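Enquirer: Chain A is fixed; fit chains B, C and D with the ligands onto it per the hints.
Protein chains in written order, with the working numbering: chain A, 1 to 215; chain B, 1 to 120; chain C, 1 to 709; chain D, 1 to 328.
Incorrect hints may have been included.
[Stated by the list, open to error] Here chain C is said to cover these stretches of chain D; the calculated rule only asks that three of the stretch's residues, wherever they fall, bring their Cβ under 8 Å from a Cβ of chain C:
#, segment
1, 23-35
2, 79-92
3, 111-119
4, 148-160
5, 214-220
6, 252-266
[Unchecked claim] Under the rule of at most 20 Å between Cα atoms (straight-line distance), these lysine to aspartate or glutamate pairs were calculated in the DMTMM-like manner:
#, chain 1, residue 1, chain 2, residue 2
7, C, Lys358, D, Glu66
8, D, Lys277, D, Glu68
9, A, Lys137, C, Asp515
10, D, Lys250, D, Asp315
11, B, Lys81, B, Glu28
12, D, Lys110, D, Asp23
13, D, Lys110, D, Glu133
14, C, Lys358, D, Asp186
15, D, Lys300, D, Glu316
16, D, Lys328, D, Glu259
17, D, Lys263, D, Glu285
18, C, Lys358, D, Asp67
None of these hints come from the bench; they were simulated from the model.
Every value quoted in this text rests on a predicted model; they were computed, and no experiment measured them.
Yeah, the Cβ is synthetic: ideal placement off N, Cα and C, and Gly gets one too.
Here are the chains, one letter per residue:
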Amino acid sequence: MATDAPAVQAEPALTAPEAHAHVTNTGLSNEKLAMWAFLGSECLLFGALISTYFLYRGRSPVGPYPKDIYDIPYTSVSSFVLLMSSLTMVLALAAIQRGDSRRLRVWLLATALLGSSFIAGQVYEFTTFIREGLTLKTNLFGSSFFVLTGFHGVHVTVGIVMLLSLWTLSMRGKLPQERAEVVEIAGLYWHFVDVVWIVIFTVVYLIPSPTPHGG
Amino acid sequence: MSTEAIEESEAHRRPHAEGGEHGAHPTEATYIKIAMILAAVTGIEVALYYTSFNQQATNAMLIALAGIKFVMVAAYFMHLKFDNKVLRRLFTTGFILASLCYVAYLWTLGVFKLSFLPWA
Amino acid sequence: MTDVSLAPAASSQAAAEPRLLRRPLHPTGIWSWLTTIDHKRIGILYGGTSLLFFLAGGIEALLIRLQLARPNGTVIPAGLFNELFTMHGTTMIFLVVMPLSAAFFNYLVPLQIGARDVAFPRLNAFSYWTFLCGGLFLYSSFLLGGAPNGGWFGYAPNTTVTFNPGHNIDFWVFGLQILGIASTVGAVNFVTTILNLRAPGMTLFRMPIFTWMSLVANFLLLFAMPIITVALFLLMFDRNFGSHFFDPTAGGNAILWQHLFWLFGHPEVYILILPAMGMVSEIIPVFARKPLFGYRVMVISGIAIGFMGWGVWVHHMFSTGLGPVAVSAFSLSTMFIAVPTGVKIFNWLGTLHGGSLKFSTPMLFAVGFVAMFTIGGLSGVTHAVSPHDRQQTDTYYVVAHFHYVLFGGSLFGIMGGIYYWWPKFFGRFLNDRLGKFHFWLWFIGFNMTFGPMHLLGLQGMPRRIYRYPTGMGWDFWNMVSTIGAFTIATSVLIFIINVYRSTRHPVYASSDPWDGRSLEWSIPSPPPHYNFAEVPVVTHEDDYWHRKYTEDASGRLVRLEGTAPIPAVITAEERANGNGHGNGHGHDDPPGIHLPSPSYFPLVASTGLPVMAYGMVYGRDAGQNYVITAIGALIVLVGLFAWAMEPSVEPEEHVESGDAPGGPEALTGGGDGQPALVGAGAGVDAEDDGERIPRDLLRGGQTESEEER
Amino acid sequence: MATLVAVLLGACGKTTMPQDALDPQGPVARKLDHLISPVFIVAGVFFVLVQFLTLFFAVRYRRRSEDEAPVQVHGNARLELAWTIVPAVILFAVAVGTLTVIADINRPAKGADVVHVDVIGHQWWWEFHYPTEGVTTANELHVPVGRLVAITLTSKDVIHSFWPPKLAGKIDAVPGRLNHMSLQADKPGTYYGQCAEFCGMAHADMRLRVVAHSAGDWAKWVAANTATPRLPIESVEAKAAAGSTLFRQKGCASCHTVEGYSKGTVGPNLSHLQQRKVFAGAIFEMNDENLRKWLRNPPKEKPGSIMPNLNLSEDEITNLIAYLDTLK
Ligand code: HEA
Ligand code: HEA
Ligand code: CUA
Ligand SMILES: [Cu+2]
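Bound-form chain A, shown alone (with noise of 0.2 Å):
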């Protein structure tokens, strides 16, 4: 149709050079839309951990089992902790968004402090097990229960590194607010990472497990 040709004249105004401006398809920066597929394959990845674990509830032959060893208030607190480092994640954005540079290494910061206390928290967490007697080999809960959340803390640790890179850079004036974006896409791996512990905490946690042989 004749309609065709708009979009051939439409074409100038976007090679108008425009400083910073995303001309992709999708209106989307490349790192952006990169971030938010490789979340989606990180969906299949923890569900893959989550559902083995579940598969594996309650299946150990020995013990100890779930209700023997958690501390349902100690990681009620941490999950807190983590879930309020999403807040100042976000806040970390709106703070570059807004051009305002020490509000959002403030706010980076705390996310990282936040997300620290998470893992040692974790690494506690840990420790006590193994004192206790559970250890990856222990039985099937063990292996399940640790290499969950294992692979989430490595995850935690992961956008920790992420967030103190971006303070460095932002407390060496290399990020200024034009590339919030970065900010943002650091803190959709931060919120994801979050997310997946929103359903861990529930499923491996709070929904308790069937001991074995029936009941």
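Expert: Just chains B, C and D with the ligands now, with coordinates in the frame of chain A:
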């Protein structure tokens, strides 16, 4: 045939201003509000853990609450609600695929005892 | 993924950044290939590497066939036989068909969508090097005490330390893990590229069908790879660290592995076939002089196959005893995948119908694909009839099925693709006479090898047996099959000769030797490293065709006025001075095209991975000592860090480089003053491109025509 | 073409094929066969259709002159719809048949007439245990004709798959899991089969036989296999008696059970070894010569075999065989 298609694509190709490009962005106040809701839901979850009426029902509620938290973080903190629909599709595809496939395989291994289905 | 998000962080204003290494600026020579981030060169690297692996996998197959030629074969001992078929399957799937498809994604997708490169060129280089490292790592096992021997699907618990204490399986686990990284990273890259970097006007439904199928395949990769990643991790934890995921004595479920593997594995088989289907869908219309019959339906059926491919994995587990309900559900879902696939077959037939079919070599392979893939598909449907699959599964009938779809499908398609795009890749033809000879031997050998396997399987011959006694009635067809395998080998030798000849006695190809339909034919052969001097504006599906032809009132094609056919073959002089449709050497530098600079770091980062893997393999029996793994990790981190700190664009440095990619010219054609390699991707470049050069490449400038459809 | 068909038929028909899956010899296998026949016809029709059209178009529409300008057909919604729907409908019919047979073959085998057997896969041999009759044997499954045999499968190590093609389709023997299948033979006779799931080094050598007996023979077989084996009498059967001592000295007893004499569980139960026609994963006919080969060096005859080379002298072997020959 192709007119809308072009228009659609042209709309996407329009350069966006940096930052708040995606329409109504939530404000910091919204973020804080969301966080408070999330905190409250977490509180309810933990409280539910300690209640001891019907376990089946509790589990269902726990899963529902986790779902709410999940959606809120994704929608608001990750801006999925406001952002380009390509992203939403990308992520939900992965998520739904994961949910369906993994639930199906757990089901074949007899993890879910669906007592109300005669053959399950 | 730090790299993804941090790479841009460092990109734009890092002129005075301190460097670990000087930016590699070699326009030619080995270093230019080691540091290249040009998608075309990476495509060629992918292709060349996987063809070498094809020879390796093929030699393994020949040994298998030699052993099975006669009953009670004694050519190969049992243990080695198991290593051979495991490596044969693993090689053909992960080191041949997947990377061959990746080669085409790399080379063609940016050209077909009118982009200057992929979205993340350095990540792309990283994918390739990681793939190479993974492949070499896997093959090093032959020298280091034994190759993997658990079958390509590595069923636990046979692959756990209890039953397989050697390193064989460790090599498999970590090798596949490395290859998985390459594939996942590649998938993110191509999904982004195709969604984001299409030329103006190229809506999704104007994308060439190969690009479409690539998109679907990359989505499948994106979602399928993490599943096998997890499966392999669980197996690694079992093997290296004493967990119990696949340990039935501790309550572990042996079926878990199968679920995870096939949840990956079935989408995987569509990853293997969809790109080939895309290629066939490109080739047939060109040689039929007709548009693809039902383009939209072809796209939609491809998407449907991609989706349905997720709901059928249990058909590999019909005899594991999952219960009648699961078996019924997955029988049904599996059967109905024949519907979208059938649509494709019939639409290809529809394209042939009423065409003007020219059987050049690519067309022979493409039509061969339609015929042979159908056979494999139909035997697939008989597998889907699960009660009878209990007779078929784990027999040569399955081996026949998957060779008909993989060889008769994927490889026929890819071979067609190789003959078809070779002139574009290298600017010279493969000989058509030899090509036809290649095809017919290949075709006959293929049917001789795998046709009898249907019978053998139904006559009760199980797969993966290193010997069988006399008196089973299998002797004759096994012999036929072995002869067939050597016939295929001969045809492969002819192909090798053909390739060799094309370098000795080149016949140069013009930009559009086949009268092609998609954008890659609008630029010189081989394309200049910046691909499009000017980003094309797309107004039609089959856009390039519409710049040459239109339809008359009766629907017949007629040439547009003012356009003249381009001769397929050009002389060496024409090629040298690039007149009109040469190789681009004659063009002035299109100003302002900034392509990303080459980089050492993708290579550096990827070499850390096999080091880590060796550390894991040997750390287990060195008393859980993983120092080497840590060193490997350090290499990866250093590589990634340096990469993140390095701007993707080397500012203000103008390199004299003429590395038009591809072919031997790439190594010699330097110095004709091509622009610096800077920038990132087509969309971004378009904007820098202040003055636009005349559309000399779009001969006649027919960018829009009044006709629709 | 005709020669091809002739060759095909010749190769299929003349030789006897002991594992032919298309030659069912019992109702269970026949159900599968009856299902697949129409499916092969459906597949055959599409096969012929596609191959014919491809060839026909290739000939009919080949380019005769470079000036040909074919009509540019972009598609045909109606046709495309047709070839979506028609296969779907055909598949629907196939699906109905499939579901019926799935339901049919999964009905649990019940009734007094049913023979129950536990099948246990080992690397690389089969253990058969008859809980009702109290028989334990290896590699050779004996069943009465005309009666349904309900099999419960599991494995001691890795995954195996039990497959007697003429009597039933295969089902995996999975460690930590109980699977079920059934089979039934119409006529007395010996039916071949083998392990179908790759299970390690000697997977190829993990074969099996199913021997179907008439009712009378079956009773005899059960009786023979439930008798307690006697020890050889020193004065009459010197060699066998020496063999029985060696059996303990050389460690055979630690791996093999002989009712009332030893209690090993690593290898097959040898109490009634001579009731079997084949041994070691059904790769050897049972005779002294083969037993000798076997005892000289099992892993040489059957690469990977768990039974080690015990470095027996020829005399020791002779004595051991003499003893094994008494295990009737
Ligand atoms: C390129 C790879 C590829 C492709 C495309 C397919 C396609 C299909 N496969 Fe195959 N498959 C493999 C690769 C592939 N497969 C491999 C590697 C294995 C073995 C793995 C291993 O064990 O090592 C395997 C194994 C395998 C099994 C398990 C067998 C077993 O172990 O017991 C099954 C079972 O259902 C199956 C089914 C199918 C079906 C229904 C299709 C369908 O997609 C086919 C659809 C196509 C057609 C049907 C033809 C065209 C259609 C028409 C002409 C329309 C009309 C047709 C009808 C109405 C019938 N495949
Ligand atoms: C794309 C995939 C693909 C391809 C192309 C092939 C190609 C071939 N395959 Fe393979 N095959 C698989 C995928 C593939 N296979 C898989 C997944 C398995 C299952 C593995 C498992 O069970 O785990 C399998 C299993 C398999 C088996 C069963 C083994 C068993 O169960 O015991 C057999 C047996 O005949 C076989 C044969 C062949 C043959 C003869 C070829 C031929 O077509 C090969 C032709 C190629 C060549 C012959 C190369 C040419 C080489 C030369 C010309 C040499 C000269 C050159 C130099 C010296 C430089 N394959
Ligand atoms: Cu047991 Cu194969
Ligand atoms: Cu499959």
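Enquirer: State for each hint whether it applies.
Expert: Now for the hints, and whether the structure bears them out:
no., hint, result
1, 23-35, "holds (count 5)"
2, 79-92, "holds (count 7)"
3, 111-119, "violated (count 0)"
4, 148-160, "holds (count 4)"
5, 214-220, "violated (count 0)"
6, 252-266, "violated (count 0)"
7, C:Lys358 x D:Glu66, "holds (9 Å)"
8, D:Lys277 x D:Glu68, "violated (72 Å)"
9, A:Lys137 x C:Asp515, "violated (64 Å)"
10, D:Lys250 x D:Asp315, "holds (13 Å)"
11, B:Lys81 x B:Glu28, "holds (16 Å)"
12, D:Lys110 x D:Asp23, "violated (26 Å)"
13, D:Lys110 x D:Glu133, "holds (17 Å)"
14, C:Lys358 x D:Asp186, "violated (58 Å)"
15, D:Lys300 x D:Glu316, "holds (19 Å)"
16, D:Lys328 x D:Glu259, "holds (12 Å)"
17, D:Lys263 x D:Glu285, "violated (25 Å)"
18, C:Lys358 x D:Asp67, "holds (12 Å)"
Against the hints set out earlier in the document, violations occur for numbers 3, 5, 6, 8, 9, 12, 14 and 17.
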